[in-house]
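Work out the full structure, taking the sequences as your base and the hints as a guide.
Number of protein chains: 2
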Amino acid sequence: MNKYLMDLRKGKVKYLMIEEHIKNLIDKNKIKDGEKLPAIRELARILKVNNITIVNAYKELQSKGYAVLKMGSGTYAKKRDINRNLNREYSRALKRIFSNEIGDYIDFTGETSSGEFFQIDLFKNVLNEVLDRDGSRALIYQEPLGYEGLRKSISDVFWKDSVNPEDILIVSGAQQGIDVVSKAILNTDDSVIVEKPTYSGALSVFKSRRSEIIEIPVEKNGVNVDKLEKILQKNNIKCFYTMSYFQNPSGISYDDDKKKQILRLAEIYNFYIIEDDYLSELIYDSNIKYNSFKSLDHNDRVIYIKSFSKIFLPGIRIGYLIPPEKFRENIQNSKINTDIATSSLMQRALDLYIRKGMWKDYINMLNIKYKDMYIYMGKCIVKYLNDKVDFTKPGGGLHFYLKIKDSIEIDSISLFKEAKRRGVLITPGSLYYKNPSEGKKYFKIGFSHVSKENIKRGIQILNSLMTI
Amino acid sequence: MNKYLMDLRKGKVKYLMIEEHIKNLIDKNKIKDGEKLPAIRELARILKVNNITIVNAYKELQSKGYAVLKMGSGTYAKKRDINRNLNREYSRALKRIFSNEIGDYIDFTGETSSGEFFQIDLFKNVLNEVLDRDGSRALIYQEPLGYEGLRKSISDVFWKDSVNPEDILIVSGAQQGIDVVSKAILNTDDSVIVEKPTYSGALSVFKSRRSEIIEIPVEKNGVNVDKLEKILQKNNIKCFYTMSYFQNPSGISYDDDKKKQILRLAEIYNFYIIEDDYLSELIYDSNIKYNSFKSLDHNDRVIYIKSFSKIFLPGIRIGYLIPPEKFRENIQNSKINTDIATSSLMQRALDLYIRKGMWKDYINMLNIKYKDMYIYMGKCIVKYLNDKVDFTKPGGGLHFYLKIKDSIEIDSISLFKEAKRRGVLITPGSLYYKNPSEGKKYFKIGFSHVSKENIKRGIQILNSLMTI
Chain V
1 MNKYLMDLRK
11 GKVKYLMIEE
21 HIKNLIDKNK
31 IKDGEKLPAI
41 RELARILKVN
51 NITIVNAYKE
61 LQSKGYAVLK
71 MGSGTYAKKR
81 DINRNLNREY
91 SRALKRIFSN
101 EIGDYIDFTG
111 ETSSGEFFQI
121 DLFKNVLNEV
131 LDRDGSRALI
141 YQEPLGYEGL
151 RKSISDVFWK
161 DSVNPEDILI
171 VSGAQQGIDV
181 VSKAILNTDD
191 SVIVEKPTYS
201 GALSVFKSRR
211 SEIIEIPVEK
221 NGVNVDKLEK
231 ILQKNNIKCF
241 YTMSYFQNPS
251 GISYDDDKKK
261 QILRLAEIYN
271 FYIIEDDYLS
281 ELIYDSNIKY
291 NSFKSLDHND
301 RVIYIKSFSK
311 IFLPGIRIGY
321 LIPPEKFREN
331 IQNSKINTDI
341 ATSSLMQRAL
351 DLYIRKGMWK
361 DYINMLNIKY
371 KDMYIYMGKC
381 IVKYLNDKVD
391 FTKPGGGLHF
401 YLKIKDSIEI
411 DSISLFKEAK
421 RRGVLITPGS
431 LYYKNPSEGK
441 KYFKIGFSHV
451 SKENIKRGIQ
461 ILNSLMTI
Chain D
1 MNKYLMDLRK
11 GKVKYLMIEE
21 HIKNLIDKNK
31 IKDGEKLPAI
41 RELARILKVN
51 NITIVNAYKE
61 LQSKGYAVLK
71 MGSGTYAKKR
81 DINRNLNREY
91 SRALKRIFSN
101 EIGDYIDFTG
111 ETSSGEFFQI
121 DLFKNVLNEV
131 LDRDGSRALI
141 YQEPLGYEGL
151 RKSISDVFWK
161 DSVNPEDILI
171 VSGAQQGIDV
181 VSKAILNTDD
191 SVIVEKPTYS
201 GALSVFKSRR
211 SEIIEIPVEK
221 NGVNVDKLEK
231 ILQKNNIKCF
241 YTMSYFQNPS
251 GISYDDDKKK
261 QILRLAEIYN
271 FYIIEDDYLS
281 ELIYDSNIKY
291 NSFKSLDHND
301 RVIYIKSFSK
311 IFLPGIRIGY
321 LIPPEKFREN
331 IQNSKINTDI
341 ATSSLMQRAL
351 DLYIRKGMWK
361 DYINMLNIKY
371 KDMYIYMGKC
381 IVKYLNDKVD
391 FTKPGGGLHF
401 YLKIKDSIEI
411 DSISLFKEAK
421 RRGVLITPGS
431 LYYKNPSEGK
441 KYFKIGFSHV
451 SKENIKRGIQ
461 ILNSLMTI
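Note that the protein sequences, when read in sequence, are chains V and D. Position one of the first sequence corresponds to residue 1 (full-length UniProt numbering), numbered consecutively onward. Position one of the second sequence corresponds to residue 1 (full-length UniProt numbering), numbered consecutively onward.
Treat the hints as calculated values from the structure; they're not laboratory data. All C-beta atoms in this analysis are idealised placements derived from N, C-alpha and C, irrespective of residue type, glycine included. Possibly wrong hints are sitting among the right ones.
[What the hints assert, rightly or not] Here are a few chain V residues that face chain D, going by a calculated C-beta distance under 7 Å:
id : residue
1  : S63
2  : M71
3  : K124
4  : G135
5  : Y141
[Said to hold, decoys possible] Derived BS3-like pairs: lysine-lysine, alpha-carbon spacing no greater than 30 Å straight-line:
id : chain 1 : residue 1 : chain 2 : residue 2
6  : D       : K48       : V       : K70
7  : V       : K70       : D       : K207
8  : D       : K70       : V       : K78
9  : V       : K207      : D       : K207
10 : V       : K207      : D       : K326
[As the list claims (entries may be wrong)] Some chain V residues judged to face chain D by a derived CB distance under 7 Å, without partners named:
id : residue
11 : I120
12 : Q176
13 : T338
14 : I340
Given below as structure tokens:
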């Protein structure tokens, strides 16, 4: 008898074959995304196998991301993440490029300040002062909440003492903040609302928690509140992930009115706002005022996340979290389970740097430098891409999000590939959507890692690629 | 009508009441741990509510850890983790104590080297050399795999070039290593084998991934291989988490024979070995030879995790992972999703420290110092606790694991509380077991944060507490 037919007799192989078969049907769209799979008993009867064989096949499908189990309802087919290949290609390309250092590329993918304006000598002095002051304790002493001095500085300088240092948790940047919060508060099948488009690193974390992700399109000044409320009426939402200023990638900022409306909804519909305060230090448009969700929150509805890495120094890997009281202990424990504590010397150095006023000076300087770059890139876009793209000026931050006009045939993935070949790196919009095809007419260009000369040259190259 | 009965009409409240009722029954042991809950339709019919109300009640139970869903089978009651309260009390006590710095306590809870022998001036010079050499790049440049120089040093110094630097992933300590690996390879309901007892931080991560955790008792030189194989025959195991040398807490080390047998089983039963190489640098007994699972592995079955924090400097938060090829990309991406990258200046400093031979000198010195402490603590245990506890000398590492003799009435949780009152901190064994009551006759004492004088005094106090 045929080997494969022989194998069928062994239960172990049988379930894998069934799983393989269903997987193929899903891949080939014979079974649609979201379609209910047959009940276990029914399929077992049809295929003349034990129930357990089907259970195992479905489990395998689930573990490979081809099916989801909904309690009291059944198992549903799930189209594999088509983003995966693109994500992979994009990150591989960047990894390869960065591992040879950036070389001759014009790099529009930067999402952080570049550090070219950073006075390393000042920081070196600060580091030495810490080591002289604290000795080896600076490298040994671990506080799960983070270095107390730094928590006090943050409370004092950034929150004018309105937040208790005990309620601040130091983390290794915003990405870790999102991860730690997700592990603490999200269970499998919990629903999370995100902005559409949104930061791909957050999407990855929520997917990894196996949360249901619901996207709401961003408009000029935040998500549409009516749409948000409709979703809240129909779904049991655990949290809403938002970047309140210069959202990555769309560049939009929330106005106060919208923030207050959303905070009200959070109270009514009992959900929490994960506020990723991305680049609010860099406001160039004087009409934009800084009021975080957190600062407007009277009901302890905000999980505030702030990264120091993006604005300050990417390699320093420090940020902080302010959790609502309800989740405080869970989130603290989640941080401990993630990596015990964040590197202590760097926390001490950052603390002293803030206390000495160097932080403020540095941010002021970045505002002057980057505003200049921002204006310049805006002008270049208008000058060279005016008939190719639509965009809104963010008024702050480090990037522009551009929509390729409908009349232009190229999509952003092809543009990414072509541009790479010509020595220009852009970020295709597809990375920022649950369904990547929705982002195919968008791309992001940042100015923090590029000289003015190269901003112009890079945009000219993009122009030529979109003209062809 | 009674307010609560009125509330029942509103669906939203109804499911919470049902959930509350079932929770109480589980807490009071009226519904046993593992008992199957009624089918959704059946319970809905009995209670005369909609199916969706029961679905929501069961979901709520699940999310609070009071129930688990097994596909194709139903929902099962789950006794809340009774470890939780103890864990919480223990970690709160330690947090409180540590936040006032350790003060007058005799601290036997240390799991890392203390840093008192660390020459901070040498390290300060290294840091300054890095900053002079690399400038602000040392704080800006982020490599997702970790600083290339450090990966090369690790390959060169610790693996004599048998591991490719590209296959090494820098992480922020072993705890992050376990977390990153779990997120990359463990799906809900995957089964993990752990040693009994085992490191509580690993238990927490596996629980948080909602994995099924199967414990195998450790014996003199590792887990019982027959028992392991029996479990492998009956279960589909994804991985086995092990600490190969001076296991935390039992102190045992695997012999080569056992390591080879387990590697063979990994190949036959298709599972992976997560090797947490804890404190293998500190071998005092010359009969113990260092051969990691990783070094004996010919089939790419080992996920090797090494922390530099424990032996070197806790606050430095650096470690590394060597994943098998199969999981390499997933694990790398999981690290990126966790926190992008590990603090770069510290990596550069550690690299230079290793290259200059300072690492080797430091470890040699620690071996001399800690061997002396180890011998001293061993003698004190024999002298003062001989009729109170049984133990095996680990032959290395930083702690002893003691079993309170059956004739002694006190359990380790009471001993922990009493000792704390007398100024002595120990770690109760209960933290290291899935079912904490199994650890109630064990406790751990470490010698790395205590002077000889205090080792003696602390053990004398423990003796007096066990005598009463």
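These are the hints, each one checked on the structure:
1. S63: 4 Å, holds
2. M71: 6 Å, holds
3. K124: Holds. Min distance 5 Å.
4. G135: Hint on G135/V: holds, closest Cβ of chain D at ~5 Å, below 7 Å.
5. Y141: Hint holds; Y141/V Cβ to chain D Cβ min 6 Å, cut 7 Å.
6. K48/D / K70/V: 22 Å, holds
7. K70/V / K207/D: Holds - the C-alpha atoms of K207/D and K70/V are around 21 Å apart, at most 30 Å.
8. K70/D / K78/V: 20 Å, holds
9. K207/V / K207/D: 18 Å, holds
10. K207/V / K326/D: Holds, at about 21 Å.
11. I120: Since the shortest Cβ distance to chain D is 4 Å, the answer is holds.
12. Q176: 4 Å, holds
13. T338: 5 Å, holds
14. I340: 5 Å, holds
Consistency with the previously given hints is maintained throughout, with no hint failing.
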